[in-house]
Amino acid sequence: GIQVEQSPPDLILQEGANSTLRCNFSDSVNNLQWFHQNPWGQLINLFYIPSGTKQNGRLSATTVATERYSLLYISSSQTTDSGVYFCAAGGGSQGNLIFGKGTKLSVKP
Amino acid sequence: NAGVTQTPKFHILKIGQSMTLQCTQDMNHNYMYWYRQDPGMGLKLIYYSVGAGITDKGEVPNGYNVSRSTTEDFPLRLELAAPSQTSVYFCASSRGASTEAFFGQGTRLTVV
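In order, the protein sequences belong to chains A and B.
All residue numbers for the first sequence refer to the numbering used here, where the first residue is 1 and numbers rise by one.
All residue numbers for the second sequence refer to the numbering used here, where the first residue is 110 and numbers rise by one.
Bear in mind the hints are in silico, worked out from the structure with no lab data behind them.
Just so you know, even glycine gets a beta-carbon here, dropped at the ideal spot from N, CA and C.
Every clue listed holds true.
Not the full set, but computed from the structure, chain A residues with beta-carbon under 10 Å of chain B:
(1) C87
(2) G91
(3) G95
The task is simple: from the sequences and hints, build the whole structure.
Next up, the structure:
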């Protein structure tokens, strides 16, 4: 089955800095999503991006399906960006997502 | 617009007891899923359903059962709870197999 690897596992930033999170997947996918898990444990949908580029405010994402990776860009980071960022990929008819282990982001004031 | 709603949010269960985690969605989605998240890890699939009356096992189904009698509801049953089932459980739904999935707020379950 599909394997999903995220890097880096941990990231500490000063408020205002930019960052890039990477997600590699092992096979072709028909679904790729980025989530933010906040300190209360909620999973917040950031992007549904099986291919191409999308932007939402300070966040943007790019998926290059032919090279099997996706990138999440966070610009001008804020303390509220802290939490764990998950990449999840899907490729089968059952529709389930395979999750990476996440990138834990800490933004310091 | 509630989306995916899970109850309860927290629960403590004694070893050997049984309970049902409730999940309902109001988006008329065909696909529904149950995942569990252990500390420091991503989510793993327990069971899924592609429509009312159709369910199938995921990666970690042992100790759980599901049913899907309606499009809206997808309860997860824990039989004979064990400490290894201490986890955070997430329910999710999607319109199709390759469409965006939406998650509930999670149920934090502790088995003691």
